[in-house]
Amino acid sequence: SNGLLVLFNTETNQVLKIFVLASAVVDKIKLLDDRYVICAGIDARQRIWNIENQRQVSKFEGHGYCTTHMVIHKEFIISYGYDKVLTKTNFMSKSRANWVDAPAHMTNLKLLKTNERQNQIKLVASYADGDIILYDMDLNVLCHTNRAMQEPVIRIICLSLSECLVFYKDGQ
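In my numbering, the protein residues as written are 194 to 365.
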């Protein structure tokens, strides 16, 4: 990206809105309640934009350099960056709620909805060394699967409330 976010209608191919992010390269974009866009990229900042008036409503430091993975749950952004830190930030108060050092570079981050009463929402993260870690929403490790082969996970697809399909580079 060149610092522009372009919102367009896919049925008519017409540009609806253009957001200008001076000197920012956008790599990650998430929608929040169909009213806001949360974006992050090469710089250390995460930004929240009002879609209707195209104004930036919030900006805060996410990581030391680049945000590479990001999910949204309620008022929290859970993100990972090149600093190898997984963070949970309250975007309403701009305060970091929790953080953990990651064991390796992250390749995937997904929210997993379960039918458990205590931990209805979990995070599943995969790493370049082939490990998969299941976190609760406070970033506590619930399960850590360590593979002997150090092949990175290239994709995670959540199939149901209890199952994920994991694709490794080596095909296993």
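Just so you know, not all the hints are guaranteed correct.
Unchecked claim - Derived pair list, reagent style EDC-like, types lysine to aspartate or glutamate, alpha-carbon separation capped at 16 Å:
| no. | residue 1 | residue 2 |
| --- | --- | --- |
| 1 | K267 | D329 |
| 2 | K281 | D331 |
| 3 | K277 | D322 |
Hints in this document: simulated from the structure, not taken from any laboratory.
Verification of the hints:
1. Between K267 and D329, the direct Cα distance comes to roughly 14 Å. Compliance with the 16 Å bound is thereby established for this hinted pair.
2. A threshold of 16 Å between alpha carbons decides the hint, and for K281 with D331 the separation of about 8 Å falls inside it, so the pair holds.
3. At roughly 13 Å between alpha-carbon atoms, K277 and D322 fall within 16 Å of each other, so this suggested pair holds.
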